[in-house]
Each structure stands twice: as structure tokens, then as C-alpha cells.
Amino acid sequence: MIELIGLTKQFGDFTAVERVTLSVAPGEILALLGPNGAGKTTTVRMLAAILRPTMGRAFVAGYCVTKHPREVRRRVGLLTEHPGLYLRMRGGEYLDFFGRLMGLSADERKCRARELLDSFGMPEAWDRRMGTYSKGMRQKMALVRAMLHDPPVLLLDEPTSAMDPHSAKLVRDAVLGLRHHQRAIVICTHNLAEAETLADRIAIIRRGRIITLGTPAELKTHLLGPPLMELRLTHPTDGVVKLVSDLVQIEGQGKTWLRYHTSNPQETNPLLLQTLAAHRVEVVTLSEVPRSLEDVYLRVVEE
Amino acid sequence: MAAIPGRTCAATDDSLRLTLALVEREIRDTLRDWRIVAPIVILTLFFPVLMSFVANMALGWVAKYGAPIIGERMLPFLLMIVGFFPISFSLVVALETFVGEKERRSLEPLLATPLTDTQLYLGKTLAALIPPLLAAYMGVVVYVVGLYFIEAWTPPPILLLLVLLLTTAEGLVMVSGAVVVSSQTTSVRAANLLASFIIIPMALLVQVEAVIMFWANYSVLWWIILFLLVVDIVLVRMGIHIFNREELLGREVDELNFASLWRMFCRYLRWERWFFGLDLQKMPACLRWLGTVGGLYGRDIPAVLRQSWPALTVVVIALILSAYIGCSFAARYPLPPEILQLEQVSAETFAELPAVDWLPAFTIWGVLGNNVRSLLAAALLAVFSFGTLAIALLMAPLAIVFFFVAQVARLGYNPALFFSAFVLPHGLLELPAATIATALAVRLGAAFMSPPRGMTVGEGWLWALADLLKVFIALVLPLLALAAVIEVHVTPSIVVWAFGG
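Protein chains in written order, with my numbering: chain A, 81 to 383; chain B, 255 to 755.
A few of these clues could be false.
[Stated by the list, open to error] Below, a sample of chain A positions facing chain B; criterion: calculated Cβ distance under 10 Å:
1. D93
2. A129
3. P149
4. R154
5. L158
6. P163
7. L167
8. F178
9. Y213
[Stated by the list, open to error] Covered by chain B, per the in silico footprint, the following chain A stretches (three or more residues, Cβ under 8 Å):
10. 130-136
11. 180-187
Worth flagging that the hints you see were computed from the coordinates, not collected in a lab. From a predicted model like this one, the values you see are computed outputs, not experimental measurements. Glycine is no exception: its CB is placed at the ideal position from the N, C-alpha and C atoms.
Based on the provided sequences and hints, a complete structural model is requested.
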């Protein structure tokens, strides 16, 4: 649905995006993670056929962004970094205007807009001037605008910023719902938890380049090493280290706990527990140490 | 979030529908702002009524002093003014049309719709133009109706038509100019400052129109309307051509980076080395300069000339036109035979030429310096006139030449011999050189109006400047120098041989 091949964007001497190659399949959500100025928004603008790539190619819903920009724009729903609403307009008028530009009939515009406003819990927004909306409402209205023409591709720049937790959850659920409808979705976000929850794959971008790309689990394994296990015992670990050192590489230990990495916990952990049981060592817990995406992100960005 | 069954994304390519949707939204938005509506209403209703009363009082007052003509002339003048005032508001609306949206961050969603650049540009332009223009028409109607009831005066239909056309053309000039400014700036403040380039000429034009109204020579207004329409066409074309959604969105700060500009200019100035397909690396070091010269004359300059063919065509057509103008002027203003007695031309005639004050010294340096100055002045004027003044500067001398050719023919001399003796020897080199230099100057001026595809206005202009500089130094200057040598040392001998006694 989305394919980028060596996509590059230069502004004069400055390279904002450099040889980005990736693809997003229908029903897939890709999160673009990166610090400010990394090139996320520029990438999204090129995919929305607003900016023209300097080099490389990009195809959205089968159309080349440089050769068929209008066809691309018809098939893309773009949530911009700032809601960018016309504050003197009423919600209904606003959606009607964008629906007209997107080629929807009057009935479709009304039906679709009402449906989306209801689903985001703000039916009253139809008659209210947008200048009276809260920040969260404005963001939701911008999202409704992006989804109005039911595009096969959604490009969402910070979709839940400025939203309260309830609204953010509504939006996340809506995005997950779109995945079930085989939409290809690209999300630019700084919210790592959101990226981990929503995204099938994550691309970390820095200085215009994709540094790493994969599922959240793949990224953690690739960048933070194999899963880290923690064994907690009822008694001090004296002597236990010796028992298990043939099975695993100990990474750290405390008075009653020790940690080790294993690339194959399904095999290693039962074996380790059998060994401990054979030597009558009482185990309280054996669990994986949670590793956040934040660790991955910081590791990549700081490198 | 269920999809609407049966809905397809493909929309009909209805350009007008999309443009009108934009116009409708923009006008609604404008009319919701009381700060814009209030002055328009005042200028539409209150001001024309006031002007009707003022005109009535002025008529009575000047009649007391036996100068009713002043009052009579004031009525058409005020007719023009009540039309002009409301359209001045179009400038305010148009100036913020793109840059204002950019500042309010509402532009990007609009750019992400299937609207084309032309639809966006036209939609915004029409939306800025229509309300003030309707207000202006309404103001004229209120003024005319008011005067009819107060003074029983009705304007001649042709004057009314002229004022309405003038108002429309002025409105379009201001709006199209302001939209160009708005699409090329990064802040409303900068756009307002740049608006001086529209306000000052328009203010001067209104003063000229005021003089015409008091002079009551209304036919001159047709020429002003024609001039404004040409400016309208140029500005609208320029606006559509240089409108670039990428520039609009990508440029956050207008920062002049001279180092970057210089690097770009140098890049445009360079050319590939070439010498009849030979491997330059295998050539002896002392002969490698041939690659530089071969590349310039064999590849680069021909390529520049090929790229400049539209400008060259325009210049050649202008030269043909100037020949026609020269000949037609000769028919209208015949010279007395005693002025042109070619059989009296002698070597001394040319020797005495330096004594004529307004002619350059008849030396190689004098002739060359004069030609170079003229062509550089043409390039400079081209920058400020979209290339038109450069053409005019070349047309003038050629028209004079053909004026004399036609006069010579009228007096019974052989015009072909006259042209061959007086012009052709050096003209064979000078005329192509001047044509090429003028065409490149036209390109330089036109770069503002229509930069090459894929280039910004600045890039297109630097490219045109690099081409002009390169061709001027490498081709035009040597041709002019050679022509100057011929003009000073060869042409006089041929003239004396052909005509002299």
C-alpha cells in the first residue's frame, strides 16, 4: 500500500530525509519514531504528495507521489502536526467543505461526518464554531477530517497529542479499528507507549535516516540483546551461581536474586529450574525483566 | 470505523466545482469577520451617499464663483473614487490569503486535498476579489442613484462603463499582485511591507486618473484599462506559474544565504569540458585548455541558445516589428531632401562624428563601450520590467535605422545599397550579438514571471543570470568588439565607396 524506495528530500544544502526505504502493507501500522527535526514530518508530507522528493520514489495506494500527486491526495488522509482548523467555521460546515474537496456527495459528507463525530464522542461539535473547541476536540476534529473520505492510507502526525486519556483511548481504538479494515497507517509520534501499543512495526529515524526498523520485540532483541531473566530465591544466592553458570551467563546478582540473558528461554528456563529443584534451591519467581521501548529509543538516538 | 459501502475514492475531475467550493468557503469566512465587513458596508453605502451630498454642495459652491465646470468635472471624479475605495480592501484580504493561512497553520490540510495549484490560486484570488468588487459596483450604483435624485445627474453610459471596467481592472491588479506577494512571503508582516510595491503605483495611477477625469478626456481611460489588463494577465500568469505548494509549506524563514546563492550561481556557471569526443585525460597537459574552450563553444553556448529559443523568437519578432514601425514613421514624417544627401558623404563626414555631442566617440572603444553599456542597461531594465524594456531598448535603434532606410528609398536612393553599406558590414556581427544579449536579458526578466519547471524563482533567476554572463563574455563581447573594429575602420570606407563623391 505504501512503498518508499531511496526517498530523499533536500532543502537547499540541508538534507531532511535521506534514502529512506520501507513499505507498509494493508492492515499494517508503522510508527515513525524520532527526535524533533529527524525528518518524520517531511517524510509524511512527501507521502501526502505535498512535498516533492528530491530523489527516490514513493508509491501510495499504487500511485507515484510525483507522477500522480492528485490521485495520491485523494487516497490519503493526513492528520497534520497542528489541527489547522478554520476557527470561525462550524464543525459541520468544515467537514462539508473538506468532503466537497475530496469528491464526496452531499449525502456521503453528512452521513460520514455525523458517524465519525459520534464515534469520537462529540456529536455536538457539528453546530459549534471550532474556535470554541477544547484542544482535544480540535485534534479529534482534525482526525475526523483526515478520515472523512475513508482513505486507504492514513498518515497521522502525533494523533493523540493534547488529548485527555479518555479521548486518546478513543483515537487509539479508532486507529486499531482501521487496521482491521485493511488500511495502511503511518503514525509519527513521540509517545513510545502509544507506538508500542499500536504499531506492528517501528522505524526509528534520526537526521533523516532510518536507523532501525522492526517489530517492537525485534527492536528490543536487536538493540538490547536477548531477554533478561530474573530469578528470585528464598535464600541467599551463595552457591547457586556456581550451579547455574554452566547453563546461563550471569549478568548481575543481589543477595537473593540474580539476572541472566538467554536467547532461548523456552529451553533454558525449564532446565535451570530442574537443576535448582534437584539441589533443593527454593525459587520464589522466575520472570522476564520488562524492557521498555524507551530504552531502545534512547539507545538508538544516543548512538 | 466502518467504511461507507460502495464508496470509491476516485472523484470526478471537476475543476470548477473544487474552485467554487474554495471560493465559497473563503467568502463566507471573510464575511464572518466584522472587521472586514464593517468598512466594506460603510464604503458601499455610507460613503457614496456622502459623496453625492458633497458633489451637490460643491456644485452649488463653485457655481457661486462662476466656475461650474469644476463642479461638473468633480462628478465623474467622485464616481471613480467611490468605485476605487471599496476595492482597496481587496488588497488586505488578498495579502493574507496564503501567508495568513500558513501562520494560522490551516494551510497544510488544504494543500493535502486534491486541489491543483491553479485551482488553489484561482480560488483564493477570486475569493479576495469578489466581495470588494461587488461592494465597489454597489457603491457606484448608490452614488449614481443618489446624484440622480439630488442633482438629476446621470453619467454618460460610456463613462459608467469605463469606470466599472477601470475598477475591475484595478481590483484584479491589486488582488493578483497581492496574492503573488502572499504566496512568496513567510509572514503577514512581510507581506504587508511588500504591499508598498502595489500601493504606491496604484496611488500614482489614481492621481493620473483624477487628472484625466478633470481633463474630461475619457478616451485616455481606455489606454489605462488596456495597460491594466496587460498587467493583470502578466500578474495572473506569474502567480499561477510561480505558485508552489512546496515552497509555501517548506519555507519557514526568508533568510538570504549568500554563500549558498554564490555556490548555486557558480554551479550554473560551470560547463563540461569537451573537445570533439576526445579523451581529455589522454591529451598533453598543455592542450587540455582546449577541452574548456571546446566545452563552452561546442556544447554549452549552443545549449543555452537552444534553451533561450522562446526569448530569441520574441526578440526577432520585436525586431521585425521595429523595422515596420521605422518604415511607417518615415512615411508619416518625411525628411526634407537636403538632410539626406548621400553623395556628399566623405571620409571627413565620419571624422567629424565625434563632434556630435549626443553620439559616442567614433572610435573602437567608443562604439564598443556604447554597445556594451546599452546591452547591460537593457539587462538591468529587464529585471524590473519582466524583460519588456530590454526589448524596447533594442527596438528603438533598429526602428531609427529603418526609418532612415525608408527615407532613403523615398528620396530615390537604393535602400538595399544604403543598408548594405551603412549597416550590414558591422551589423552582421552586431545585430546577432545584440539579439542574443537581449534575448538572455528577457529570460532574466521573465524568470520572475515563469521560472523553469522544478526551480524556484530565485534558482531560475540565478540560472538565467549565469547564462547571460557566460554568453555575454564568451560570445557577445567578442562579436561586439569585432563589429566595433569594422564599424570604425571598414564601414566608412564602404559607405564612401558606395555613395561618396
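Results of checking the hints against the structure:
1. With its C-beta approaching chain B no nearer than about 6 Å, D93/A sits inside the 10 Å limit, and its interface hint holds.
2. Interface hint status for A129/A: upheld, as the beta-carbon distance to the closest one in chain B is roughly 8 Å, under 10 Å.
3. The interface hint given for P149/A is met, as the beta carbon of that residue sits about 9 Å from the closest beta carbon of chain B, less than 10 Å.
4. About 5 Å separates the beta-carbon of R154/A from the nearest beta-carbon of chain B, less than 10 Å, and the hint is met.
5. The restraint placing L158/A at the interface with chain B holds, with a minimum CB-CB distance near 4 Å, inside the 10 Å limit.
6. The closest approach between the C-beta of P163/A and any C-beta of chain B is roughly 8 Å, which is under the 10 Å cut-off, so the hint is satisfied.
7. Annotation: L167/A was flagged as interfacial toward chain B, and the flag holds, the nearest CB pair being 8 Å apart, inside 10 Å.
8. Interface hint at F178/A: satisfied, since its Cβ lies 7 Å from the closest Cβ of chain B, which is below the 10 Å cut-off.
9. For Y213/A, the suggested interface contact is broken, since its CB lies about 14 Å from the closest CB of chain B, more than 10 Å.
10. Residues of the region 130-136 of chain A with a Cβ under 8 Å from some Cβ of chain B number 3, which satisfies the need for three, so the listed coverage holds.
11. For the region 180-187 of chain A, the assignment as covered by chain B holds, since 5 residues bring a beta-carbon within under 8 Å of that chain's beta-carbons and 3 suffice.
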